[in-house]
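Protein chains: 2
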Amino acid sequence: MVPKIKIIPLGGLGEIGKNMTVVEYMNDIIIIDAGMGFPDESMYGVDVVYPDISYLKANASKVRGLILTHGHEDHIGAVPYLLKQIDCPVYTMALTAALLELKLEEHDMLYTTQIFTKKAGSVFRLGCFTIEFINVNHSIPDTVALAITTPLGVIVHTADFKFDVTPVAGQRIDIARFGELGKEGVLLLMSDSTNVEKPGHSDPEMKVGESFDKLFTGCSKRIIITTFASNVHRLQQIINVAAEHGRKVAVTGRSMENIMRVCSVIGYMDLPEGVLMGIDEISSLPKNKQVIISTGSQGESMSALHRMAFSEHKQIQIDSGDRIIISASAIPGNENMITRVIDALYRQGAEVIYDRHTDLHVSGHAPQEDLKMMLALVRPKFFVPVHGEYRMLVKHAELAKQMGVSPNNILIADIGDVIEINKKDIWTEQKVQAGEVLLDGGFGEVGTVVLNDRHRLATDGMLVIVMPLIAESHDYLGDPEIVTRGFIYVKDSEKLIEEMKQVAVAAVETCKEQEISDLSAIKSKVKSSVATFLFKKTKCSPIVLPVIFEV
Amino acid sequence: MVPKIKIIPLGGLGEIGKNMTVVEYMNDIIIIDAGMGFPDESMYGVDVVYPDISYLKANASKVRGLILTHGHEDHIGAVPYLLKQIDCPVYTMALTAALLELKLEEHDMLYTTQIFTKKAGSVFRLGCFTIEFINVNHSIPDTVALAITTPLGVIVHTADFKFDVTPVAGQRIDIARFGELGKEGVLLLMSDSTNVEKPGHSDPEMKVGESFDKLFTGCSKRIIITTFASNVHRLQQIINVAAEHGRKVAVTGRSMENIMRVCSVIGYMDLPEGVLMGIDEISSLPKNKQVIISTGSQGESMSALHRMAFSEHKQIQIDSGDRIIISASAIPGNENMITRVIDALYRQGAEVIYDRHTDLHVSGHAPQEDLKMMLALVRPKFFVPVHGEYRMLVKHAELAKQMGVSPNNILIADIGDVIEINKKDIWTEQKVQAGEVLLDGGFGEVGTVVLNDRHRLATDGMLVIVMPLIAESHDYLGDPEIVTRGFIYVKDSEKLIEEMKQVAVAAVETCKEQEISDLSAIKSKVKSSVATFLFKKTKCSPIVLPVIFEV
Chain A
1 MVPKIKIIPL GGLGEIGKNM TVVEYMNDII IIDAGMGFPD ESMYGVDVVY
51 PDISYLKANA SKVRGLILTH GHEDHIGAVP YLLKQIDCPV YTMALTAALL
101 ELKLEEHDML YTTQIFTKKA GSVFRLGCFT IEFINVNHSI PDTVALAITT
151 PLGVIVHTAD FKFDVTPVAG QRIDIARFGE LGKEGVLLLM SDSTNVEKPG
201 HSDPEMKVGE SFDKLFTGCS KRIIITTFAS NVHRLQQIIN VAAEHGRKVA
251 VTGRSMENIM RVCSVIGYMD LPEGVLMGID EISSLPKNKQ VIISTGSQGE
301 SMSALHRMAF SEHKQIQIDS GDRIIISASA IPGNENMITR VIDALYRQGA
351 EVIYDRHTDL HVSGHAPQED LKMMLALVRP KFFVPVHGEY RMLVKHAELA
401 KQMGVSPNNI LIADIGDVIE INKKDIWTEQ KVQAGEVLLD GGFGEVGTVV
451 LNDRHRLATD GMLVIVMPLI AESHDYLGDP EIVTRGFIYV KDSEKLIEEM
501 KQVAVAAVET CKEQEISDLS AIKSKVKSSV ATFLFKKTKC SPIVLPVIFE
551 V
Chain B
552 MVPKIKIIPL GGLGEIGKNM TVVEYMNDII IIDAGMGFPD ESMYGVDVVY
602 PDISYLKANA SKVRGLILTH GHEDHIGAVP YLLKQIDCPV YTMALTAALL
652 ELKLEEHDML YTTQIFTKKA GSVFRLGCFT IEFINVNHSI PDTVALAITT
702 PLGVIVHTAD FKFDVTPVAG QRIDIARFGE LGKEGVLLLM SDSTNVEKPG
752 HSDPEMKVGE SFDKLFTGCS KRIIITTFAS NVHRLQQIIN VAAEHGRKVA
802 VTGRSMENIM RVCSVIGYMD LPEGVLMGID EISSLPKNKQ VIISTGSQGE
852 SMSALHRMAF SEHKQIQIDS GDRIIISASA IPGNENMITR VIDALYRQGA
902 EVIYDRHTDL HVSGHAPQED LKMMLALVRP KFFVPVHGEY RMLVKHAELA
952 KQMGVSPNNI LIADIGDVIE INKKDIWTEQ KVQAGEVLLD GGFGEVGTVV
1002 LNDRHRLATD GMLVIVMPLI AESHDYLGDP EIVTRGFIYV KDSEKLIEEM
1052 KQVAVAAVET CKEQEISDLS AIKSKVKSSV ATFLFKKTKC SPIVLPVIFE
1102 V
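Respectively, the protein sequence lines represent chains A and B. The working numbering applies: residue 1 is where the first sequence begins, and numbers increase by one. The working numbering applies: residue 552 is where the second sequence begins, and numbers increase by one.
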């Protein structure tokens, strides 16, 4: 058998989120990222979505390690779930490690997990693979691309990235190293497709700091800024601008407090003496000396900003003395949640600055020109676009063609596809099990049956018909009892309830006439009679549960 | 009592949709628009939202007429609902009347409704009010603003509008008439706030036609275009461009077929000889001679485009010979539905053009500079921004201040507010009942109780515990029976079910020990014991329905 590399995406292709990629050669597997996904609006009651890791469970003995490119939830959120089933060490950078540790602590896994903290430029071996961390810029510090030397050649995985040659802190993306790798020859490039629909170059993070400066200048109000908690450089810029304008800073919201704690422990934030205050203390200062950094940039219902907007925040009451800055863009699907919060803040009298036409946010993902630059530097033989919905992968593939990658050497894959590469070809024939595992609050997996029932319950509600029958004779004992939830308001629907009872009784009598005495047959007759009657009458299909038994 | 005008918005303020405004003086009421709203994602199973019209029912004898400014659903969708409860004549333009007639036919109300069709420039009396229709531009033809002469002065209601001095067909907005009214003196302006967050001027509709021309030129594929069915001028442009490029046109989707029929009856579309074909016939032509106009620009699940994307359309199979153009922007909240359809079309091999950076759509609503122009022309004494969420009303009020309206003369209102105006002042003190009436598919109103139950059912499901007890002794007859839906998958949860039964039995036994014999007390004991147990075990709160009775 000719040796070949297998690349198996288990998440992040044809979707945004739950990024996870398997790289396999002979008896060695490494895993790149273990992210969680977010339930869509049809996944009633589901809190978390994990990638299906059946393939890894079946090949657990081959797994040499898990590499985390950065600390966002869609890259590390599924680590506890994975490590409970696959025992392997974790390799990552300091901030990612610190954020992961918070998560492992919650799962009581902190002392049973081996984490090796590396630096940008580190090179280490896992099985037959040699892995090198390469610094890139993204909306969280300590993001690294990977150069993986395999027996057949070098694989470059960009992770999430953008080009920012003037980062707020930390190193700029190691452009030279990508160029060197390109000159030496790269077998395969896997590159971030999130922003492929956006033309042009990346905007530098510093641009946002300039906007903050303008909004602070001459402002006599309290300033409340919300952004993504993990955007440490954004937080740093807020603190810098606040200090320059003689203001103090307090933070509110659990994830914001966590990130501040983590960053101060590992020394990732530059805090001018005395600039930070507790949220309880800061309110004693005049309004024009206060800055509050808050969670809730996506309008999340339990976030600090949401609580402020709806007068449920313990320490902060919003009024016309507040300027609120939303330094984030809406993740698709969250638009209405955010505008509801903005409207509520306006109703409290606050001024809200969220305009997309001012530079209050820049993305952490490379748009078209950055993606082309990466392709120009790495000049890969084979190309697989990753991290994106299907249309994005298609567009990224088109960019790669423009940049000179041979069309035969570009492969658009789906999760579960086994991408095989030798020195000459790239192809996919086999598929492994892949998909989503849905979890309900700390409890357990939510399967298709339960989810389908929730859909029907949500749309049309349910009703229970209780009919005790006398054993042998199957005469019914008095009136059936009917209980409904989420279907109709019983007090307004007495006539309908009465008719339903008659339909149920008639169904039982029909069974008696036809000498049907099997209880489950009677149940199904009652169920179908009542359901048909209700659909005719109301155009609704509630779940009908007949409780029929002999006494 | 000094005479005053009352303006009572019953919908469309602090929200987008279900526009309806009451204008009242002494014994006369006129109603402007009767629109429907759209259920948000929390309104499980709700199909339609209507404004609460309790105030009108209580004042039905005063109502002199209903005026419809244009034919969009958020302006005419609640007309059947209103007219079933309030008997009054309808006044509107030809296209709006034709669209309303389709709707009335469905409700079997066509021959019992009096519709008076007017022209732009028409003037007519309703009670003490004199109403004048003024032509404006919008994304549907026959949109009119209203100048309402009252005993205290003139009220101008802009309806939905934009400035387009080169409309595709029909008249341009009657700028001169707004200017004359402004010179003569306007007491109150109510103006459309939908696009107040957008800087600059309106783009002309014709710009979209130019984009179409570019996309047709040199294209050898079949072209499928989706847009809003009611955008008649957009449809006209597609037909014009198709004819110029020697292509035939077919339409698919019910609302698209309806609008084409209506427009051809009233002569609102200019159809070059032989350009239209049936959807069954057109497929016999070569691909580069076909244009299909389709519903589904918002990714709606029953639309023609959705069916094409998921291979469920009877006549059309998508492949790599198709160029699909999405000529619409996403209504907030629909983004994910649309991208799911785009992805599915790409998976079929089609090319999809939806890029926001090309001019494939222009809005029908005035942005900031147009709104300022309207304020400059009308120069009202009082100003009330309408048609917008709260933040939009605030921003529109700011624009009015900039344009010289005295801050004391600007009022931001909510639905149900009674806005009172005399010649000197504008104020609001009283409130009338206003809000939303939710309707489930053709059946009836969905109240709060039902909606709250649906939420719990959707999130955590439900379970029924059936426990027949022996009369008098209250010993239980065998094991309790447990039925669940949307909570857990029973086959995977035998242990939990067993424990639940024990908890229920223990609760009944406790009641017996404590000599509690009232059945409803026993039920509530079982319910609370089981619910507490389940929350501890699973962190879920399914609806628990104990069915306990004596035999």
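Errors might be hidden in some of the hints.
Not everything, but these chain B residues come out facing chain A in the computed CB check (under 8 Å) [stated by the list, open to error]:
| # | residue |
| --- | --- |
| 1 | Glu-592 |
| 2 | Met-594 |
| 3 | Thr-890 |
What the hints contain is simulated information worked out from the structure, not anything from laboratory work. By construction, the Cβ of each residue, glycine as well, lies at the ideal position given by its N, Cα and C atoms.
Note to self: Checking each numbered hint in turn, tell me which of them this model violates, lowest number first.
What the structure shows: 2
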